[in-house]
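Take the two lone chains and join them into the complex the hints point to.
For the record, the sequence lines run as chains C and Z. So in the working numbering, spot 50 of the first sequence is number 50, and the numbers just go up one at a time. So in the working numbering, spot 272 of the second sequence is number 272, and the numbers just go up one at a time.
Treat the hints as calculated values from the structure; they're not laboratory data. Backbone N, C-alpha and C fix where the C-beta goes; we use that ideal spot for every residue, glycine too. Any given hint might turn out to be false.
[Unchecked claim] To give an idea of the interface, some chain C residues facing chain Z are shown, with a C-beta separation under 10 Å as derived from the structure: (1) L12; (2) G18; (3) I22; (4) E25; (5) V28; (6) F31; (7) G34; (8) G40; (9) F41; (10) E62; (11) S77; (12) R79.
[As the list claims (entries may be wrong)] Just so you have them, the derived chain C footprint on chain Z, three or more residues with Cβ under 8 Å: (13) 278-291; (14) 491-503.
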Amino acid sequence: MDEAQELAVLRLLTEVCGTDAIDQERDVDLFDAGLLDSLGFTHLLVGLEDDLGIRVPPTAVERDEVSTVNRILTFVSERL
Amino acid sequence: MDIIDRIGAVAARAGDRVAHRHLGESLSYAQLWSGSSALAARIAGELPDDGSPVVVYGHKESAMLVAFLGAVRAAHPYIPIDVSWPADRISSVIDESRARLVVAVRTLPSGVSTAATVLDGSGLAASTIPPGPTRQAHPVAPDDPYYVIYTSGSTGHPKGVQITSSALSNFVDWAVSLAEIRVLIPHRASDAPHGPQSSDGVSKRGSATAEPADVWLNQAPFSFDLSVMDLYCALATGATLHSIDAATVVSPRRLHDELASSDVSVWVSTPSFADLCLADPGFDASLLPRLGLFLFCGETLPTATAAALRERFPDAQVVNTYGPTESTVAVTSVVIGPEHLAAATLPVGRAKPGTTILIRDESGAALPANQPGEILIAGDTVSVGYLHRPDLTAGAFTLVDVDGVPTPAYRTGDLGHLDADGMLHFGGRLDGQIKLHGYRIELEDVENNLRRVTGVQQAAVLAVRNESGVVTHLHGFVQLASPPEGGPLAVATALKKELRAYVPDYMVPKLLTVVDRIPLTGNGKADRRALLARDT
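Bound-form chain Z, shown alone (with noise of 0.2 Å):
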């Protein structure tokens, strides 16, 4: 599907329909297409048609959704970025994908020095656009990046997945067919028919004589590439997004009061998310009625999550994705049911039409049917590489023969197999990334940039994991060029308030220890086993 197509005729058919929910703020189809041609405008007349990238900068305002769509039907793909980022990372990102033009939904912290204009965005959701040159844009080709979403790359810096408008779009139609599946459970028989789409490309799901539009749930920070998902399942089928802030999510009582609000049908979150939830008990069917799917992406779904949430919803399906951000957010999935709840490890899925998963060796060679080793992943949603990096586009991206066709290829550095019936499962990384409540992070950039800090001379960072191998926190040591002053508790605070003007919180260690030395291996790096007996 042409995703930009299908939303100006969601646009022109059902315009008063809610494209986005924030906060009580509320975007109609109709006000984010004509926000987003009059920002495209001004787009087209502030740059040249050079595909530039355009940053966002935000949360989960209406105005963002508007941006995006802006930035794309000018021909320019839209770079998000969340404000969780601290101002050093923002400055950084925006200096080295060169971007041009920065559209600030909100204002941009004090300490990011940029050459890009920056265009005041708050008001986009209500169409009003900044005075200023414009002129006819026309919308970013098949083969064109769509967004840049920058991902933690081990020097400390971040890397720009680039992923282009056909990869989008291949993934959406499949995305959106996994909410289909409803259709297939006996319970739900009786409803009214769910999907398929019809023929003008809007879903059955909110016309006149069928049941409401579904409502997506947007959890994710839209800098986040798991918030794809939601955002154009439910923007490409003329569904509702429903987008719960940062300050909600810390508070348990907001939380369950927006929840019970939001009328969500389809659950798109990290399982850390869903933990979250779950530790409420009144987190359950009768507090969100409609919900028919969750939708999981980002990092291990472990079995417990899944068990509990098919008990505590027993009309809705759970389904398992995998994907890194280089291949369009997912690329294989299952339905959990039972037979698959007794494993104490969760499949991850098949890989859906237009992608090949393939296992290899050290070697580069095929592996059979229940051999582990790396993941790689062939097909139609594999990003165009690393913006402006040609270099690390090398070195994770490749061509393999699939059916005699030499097909793009992202090697994950994730490691699982293929089991006889090619479903996947997942066996954890090859090097020092892991993953934190669904976040990617490289140890080693983490460590980078402790040692940004004052004082700091050296720096070890651990990912520390529970009985079941998740990771449930940081751990950092530190070795200090003068012995600290105060107790090891505010010491730590200390240090841990300056890194997080480098890092976005979640990769803040939990844990800050000062040591005299940090010991090292025979050839010279941190010698982490050495810490982590230390640790336990």
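Pulled out of the complex, with its shape left as it was, chain C reads as follows (with noise of 0.2 Å):
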């Protein structure tokens, strides 16, 4: 993953979580810390697809794969 894809992850993080916050903290659980739902995952995948081109049907993916900012960047990094 190049430095412009991983800024776009973030940018996107960062719209669907509510706070910039979450760059500076990366290993924070989204779920357990309330910024991220079920509603905002979905979002998630959606971003992902729109920005970096990554289709990931919501079926297709567990929580736990995503939850903190390190385990979205490597999920995604798997990816790309």
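Structure below.
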């Protein structure tokens, strides 16, 4: 993943979570933190498709795979 | 209709029909009836015949239905409490409702302290009632409360809305008729006849000669009165209630599979839940081929949601309804057609028979058509008031003259107007109460509970809205006694964790920001306007 792609993911997460604090604390569980819920999660997937061309149906991913910023970055880099 | 008699009639005539399904568990009408008979006798043996409420604690288990029916068949209203509630709120509702008995379908959290007797209800669906005293029971009378549902109150304490057996019956009579609108759809004309009810009160659906019984979707927890619509419409017509539990909703894959195997024919949910399902491209008529009707309540139905559902489910009707808990789930309805989809906001419908909608100004004077004012609901489904809170009841309930007859009425605190055709249009709230994903929340309730969190000196909570004015999340601001240690995310997460001990998850603000000082207005209240400016 290049820098521009990482920035795109972080921008998307900031939008979905509603705060840029996620950038600084990348191992906080976003579901535990109440920043990501089922609806936010589906918005995230839609955004990944729109911004990065990664198509992941919501039924093909479990939330543990995408529960922190670092996990989401790994998840995305594996699919680029 | 008398709901208890109806359920008894189904149990007698078609006892092996399925009343409830939940995660592979299935409850027949015969099991529901015999289990609730035994529980009613046990409750009558346990409690004096004083109409005191019985708390029923659990989630979507079939035993919940047995417990509800067992309580009302012993002339005690029930208070449904969902597992999503924190221990503190459970204790305070048991205490304030003066309940003497708790039927625990799930084990109560360890933090719950109560003097009430706790009865293990986990085996109720299998008719295993723990041994104890029993006595002949009689069912709840028409004018007595059938259930009490607690909603957010601005003081930080929830309020118990009492709904009588007759109010529930009046509501269900009408709600069941909404399901019959499918008869009018031309493209379904070739189907076997849908309703009307046969004389024994059991819908023709499900009899040997007609198509299978309806399956009603239950999405809302039983502690949320939206669930009353699916629960009692299903039971009163001998249909099946299909419950989706909270753990399934958080996994899109499990939700998809669960819906695929549900055979749901009538959908009841909040619009937010439908939006969640619509994110799955596979959510359409091929997934739910029997689905003929969507019934929405609990929050504003966005035009885009209705339009998307009509596209994905071309054979299904989309019905918008409106009503507060205080007037039994819903009192208006409208079938959404192409003519409504052109407008920015959808109407909420016309009043049901037995209900009159009045629009009043601040002085209480009636307003003419198209003039916005406070919505008053008068009629046969209005609550008899808040349990043990005559002070709050006096402030919200009144009698109004309807065609010369003094009629019970509820001041909703909602803004709206009636158009020239008697169609009601909803226009938001008069106070700090908001709706988030269908849940009614008083912002002050969240603020008062935030102040209980360790180290919090002052708190203010904002409802953040999108371009369409729909509340998307809460943003809380807190002033702490000493500077926090750790990053803002970790600090906010710790504060939220503690707040979850006091309020249900849906009341925990998504964003929590620590500020040096909460700005105050001239009269010493938190300056929400200044905080809002900070938020954007």
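Tested hints:
Annotation: L12 (chain C) was flagged as interfacial toward chain Z, and the flag is violated, the nearest CB pair being 15 Å apart, outside 10 Å. Interface restraint check for G18 (chain C): the shortest CB-CB distance to chain Z comes to about 5 Å, inside 10 Å, so the restraint holds. Given hint, I22 (chain C) at the interface with chain Z, holds; its Cβ is 6 Å from that chain's nearest Cβ, closer than 10 Å. Against a cut-off of 10 Å between C-beta atoms, the interface hint on E25 (chain C) holds, since the closest Cβ of chain Z lies about 4 Å away.
Evaluation of the V28 (chain C) hint against chain Z yields a held restraint, the C-beta minimum of about 5 Å falling below 10 Å. A least Cβ separation of about 8 Å between F31 (chain C) and chain Z falls short of the 10 Å threshold, and the interface hint therefore holds. Because the smallest distance between the Cβ of G34 (chain C) and any Cβ of chain Z comes to about 5 Å, under 10 Å, the interface hint for this residue holds. Interface hint status for G40 (chain C): upheld, as the beta-carbon distance to the closest one in chain Z is roughly 9 Å, under 10 Å.
The beta carbon of F41 (chain C) comes within 8 Å of a beta carbon in chain Z, closer than 10 Å, and the hint placing it at the interface holds. At about 7 Å, the closest approach between the beta carbon of E62 (chain C) and any beta carbon in chain Z falls short of 10 Å, and the interface hint on this residue holds. Taking 10 Å as the C-beta contact cut-off toward chain Z, the hint placing S77 (chain C) at the interface is violated, the least distance being around 22 Å. With a cut of 10 Å, the hint placing R79 (chain C) at the interface with chain Z is violated, because the nearest CB-to-CB distance is about 17 Å.
With 4 residues bearing a CB less than 8 Å from a CB of chain C, the stretch 278-291 of chain Z meets the requirement of three and the coverage assertion stands. For a cut-off of 8 Å, the count of residues in the stretch 491-503 of chain Z with a CB near a CB of chain C stands at 4, and the three-residue condition holds.
Checked against the numbered hints above, the structure violates hints 1, 11 and 12; every other hint is satisfied.
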